[in-house]
Amino acid sequence: MVKKIFLCVIAIIALNVIAFPLNNYEHFYSFQSPYSIGIGKATTAIEILGTESFMANPASFSQKFSFELLLASVSLNHITLGIINDLPSLLSGDQNLIISYAVDLVGKPINFGIGLGLLSFNIPIGGDLILRLGINSLVNFFFEIHNPLSSAGFIDLLGNITGGGYIGASYSFKNISTGDTEVDKHLRLLSIGINLKMAIGSGIVENTTLDEIVLRQVNVSGKDILSNLQTTKFIPDIGILYKLPLDNKEGNKQRINIALSVKDIGGFKITVGGNEFTLIPTTFNLGVAYFIDLYDYIGSEITFRQNYISLDFHDLFFQRRDKDFFKRIHIGLSSEVLNFIDLFSLNLGVGLNGGYPTLGVALKFLGIIKLSGSVYTEELGVYAGQDPDVRYLISASIGW
Amino acid sequence: MKYPTFIVIAFTVLLVASCGINLFSPFSAKDYPEANQYQSGNLIDQGRYAEVLSNAEKYPPQDHVVAALGIMGFDLKLITNILSQTNVSPESLLISWLDKKDKDYLIDLSWGLGRLKREDYSQSPSKTFTLLVGGSAQCMLGLLLLADIANTNAINTEDGINDQEFEALGDWLINPPSNITNLFRVVGSDKEGNSYTIGGVIAGGATSALIGILYFSMQVGNTNINLSEISNIISSLDGDGNNIVDNNEVSNFILSLISNIATNI
Chain A
1 MVKKIFLCVI
11 AIIALNVIAF
21 PLNNYEHFYS
31 FQSPYSIGIG
41 KATTAIEILG
51 TESFMANPAS
61 FSQKFSFELL
71 LASVSLNHIT
81 LGIINDLPSL
91 LSGDQNLIIS
101 YAVDLVGKPI
111 NFGIGLGLLS
121 FNIPIGGDLI
131 LRLGINSLVN
141 FFFEIHNPLS
151 SAGFIDLLGN
161 ITGGGYIGAS
171 YSFKNISTGD
181 TEVDKHLRLL
191 SIGINLKMAI
201 GSGIVENTTL
211 DEIVLRQVNV
221 SGKDILSNLQ
231 TTKFIPDIGI
241 LYKLPLDNKE
251 GNKQRINIAL
261 SVKDIGGFKI
271 TVGGNEFTLI
281 PTTFNLGVAY
291 FIDLYDYIGS
301 EITFRQNYIS
311 LDFHDLFFQR
321 RDKDFFKRIH
331 IGLSSEVLNF
341 IDLFSLNLGV
351 GLNGGYPTLG
361 VALKFLGIIK
371 LSGSVYTEEL
381 GVYAGQDPDV
391 RYLISASIGW
Chain B
1001 MKYPTFIVIA
1011 FTVLLVASCG
1021 INLFSPFSAK
1031 DYPEANQYQS
1041 GNLIDQGRYA
1051 EVLSNAEKYP
1061 PQDHVVAALG
1071 IMGFDLKLIT
1081 NILSQTNVSP
1091 ESLLISWLDK
1101 KDKDYLIDLS
1111 WGLGRLKRED
1121 YSQSPSKTFT
1131 LLVGGSAQCM
1141 LGLLLLADIA
1151 NTNAINTEDG
1161 INDQEFEALG
1171 DWLINPPSNI
1181 TNLFRVVGSD
1191 KEGNSYTIGG
1201 VIAGGATSAL
1211 IGILYFSMQV
1221 GNTNINLSEI
1231 SNIISSLDGD
1241 GNNIVDNNEV
1251 SNFILSLISN
1261 IATNI
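Line by line, the protein sequences are chains A and B.
Each step along the first sequence adds one to the number in the working numbering, with nothing skipped, and position 60 is 60.
So the number in the working numbering is just where the residue sits in the second sequence, counting from 1, plus 1000.
Hints in this document: simulated from the structure, not taken from any laboratory.
Wrong hints could be hidden among the right ones.
Stated by the list, open to error - With a straight-line cut-off of 30 angstroms between C-alpha atoms, the simulated DSS-like cross-links for lysine-lysine are:
#1 B:K1103 x B:K1117
#2 B:K1058 x A:K323
#3 B:K1191 x B:K1100
#4 B:K1117 x A:K233
#5 A:K323 x B:K1077
#6 A:K323 x A:K269
#7 B:K1191 x B:K1103
#8 A:K108 x B:K1058
#9 A:K108 x B:K1077
This is chain A alone, in the form it adopts within the complex (with noise of 0.2 angstroms):
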């Protein structure tokens, strides 16, 4: 009976999957952090990462409060720095030079996101349960020109602004008791979770053809932004994290965790031309993490305590667009290399995206200013290593 419910579920989310009208193959995700994606967004299964790892998979648990009161994040590639250092020159006016400049950027992604949180909280309840509560915003923009004449029609065209805010809790089972050791024995270990995010957002997704100018019956319209933005969109997160000990010191020096999240239930939709597209999927990602304090070994209580080797997969069930093994794979290694009572901090991480080598920094000073950078690669092919988007991204935080 659970298998055929399981099935039907998977069915259901199968159909999903709806004709995407952008020749970019790029994995969109509703939530993007530089240290996240510095160790190669492999974060479902790490749990003390705060907001970041309650966005991977609700179900992290860390005992810890902590709020931040403003974010701001901003990530582009190296065509648009380039665009925005060529700017005083384009804004001149010679028709010449633009038409030349736009020549010379066919085949070049030229891409930007800002993002911007206002508040976020992580409040523990009890020994139990933590309660999370954030808002926050985020603009994309992607676009490409490309050689008019080829089957990849003439022009990318990708602009998103959301705006919402999210509600949820984590709760750990680590105090429960249900009369059998052995069940509590391993029961003890769990932790769930669920994310409520509510989103008002609105964009354009259009791959504009030659055919279409030249018949005029290009889809983007005001009336659709308009549409969308009076559409509130829930899209909700659950998760599961299972925590396994490999020793039995105190503070558990070494431990295995593996987590399931499914992400964005029933898919972040946008309306284009009358028609309904899924820019992000549900996915199902699993996650595996090993976890070791390097204090036995370093002798040293301020360096090296917190050390995850992690992989997942993303999107098992293979609802993105793309049916590429390699590109749903995420590998990360992260290190607090120092951490000094909590108020300075160094974090390093470095890890594969996909494939592609991620880089990732956060630093934290005073306890209060965090600031997270980190260098890494997008897809934006059908497979692997096909057509790679270096970019870069940055973000300051004020919160504890």
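Dock chain B against the given chain A, drawing on the hints supplied.
Leaving out everything else, chain B in the frame of chain A:
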């Protein structure tokens, strides 16, 4: 782990991360229709036309033709240059960008056009425009080949063929008449085993271009072009209307074509 080692590793990863190298790429499946279609569009955008042509059978026919045109110099830069010129006739524009070295890609172009004509292009202005440009290029390249064989001082193929040279080419073909047999020299064959003669390339290119003009004009609603005249020209290839195009009909069609081009430029 020592700090310097960690920092060296971090910087190495930063360097590699900035280059966009993918460690899983050798293991990814690459040769399937969805991936091939993305790949051909991507290669064309980057100007890597030779890579498209080396495995053209894997890629969409439209991209095959666009790559052949691109390697001969017909790209977005050329299109914008052409569009910015106002005092040159369309016929001149369609052939002025070709020169002698482009003959090396004649088979690629001919094969691509053959594949494209087997698709449904009736609702696609981009395909019919590609037919128009590709067909005129194919026809012109065939004429350049013919002019090389003529090898007269009256024709210099280094920079294409101008109107006086078209007249000289036409005169050469009919004086003596045996020169017409050169139209049936085989110039090459493609991977599918299709052989191409000079006459086939010229006539085929011309009809592709005319079909392109016909459909493109209908699709954009251009009423300035005399569509029935174009239909008549296409039909004239089969002069006796028996649905079989013989060598005489090809020769007559080409002579008429050369004469028309010389008159209209």
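Status of each hint after checking the structure:
1. A hinted pair counts as satisfied when its Cα atoms are at most 30 angstroms apart, and K1103 of chain B with K1117 of chain B qualifies at roughly 21 angstroms.
2. Distance check on the hinted pair: K1058 of chain B and K323 of chain A sit about 19 angstroms apart at the alpha-carbon level, within 30 angstroms; holds.
3. A C-alpha spacing of about 24 angstroms is found between K1191 of chain B and K1100 of chain B, which places the hinted pair at or below 30 angstroms, so the restraint holds.
4. The suggested pairing of K1117 of chain B with K233 of chain A is violated, with an alpha-carbon distance near 46 angstroms, which exceeds 30 angstroms.
5. As the CA atoms of K323 of chain A and K1077 of chain B are separated by approximately 35 angstroms, the hinted pair breaks the 30 angstroms bound.
6. For the given pair, K323 of chain A sits about 20 angstroms from K269 of chain A by alpha-carbon distance, which is consistent with the 30 angstroms threshold.
7. Under the criterion of a C-alpha separation no larger than 30 angstroms, the hint pairing K1191 of chain B with K1103 of chain B is consistent with the structure, at around 18 angstroms.
8. Distance hint between K108 of chain A and K1058 of chain B is fulfilled; the C-alpha atoms sit about 24 angstroms from each other, no more than 30 angstroms.
9. For the proposed pair K108 of chain A and K1077 of chain B, the alpha carbon gap of about 15 angstroms is at most 30 angstroms, so the pair holds.
In summary, the numbered hints that this structure violates are 4, 5.
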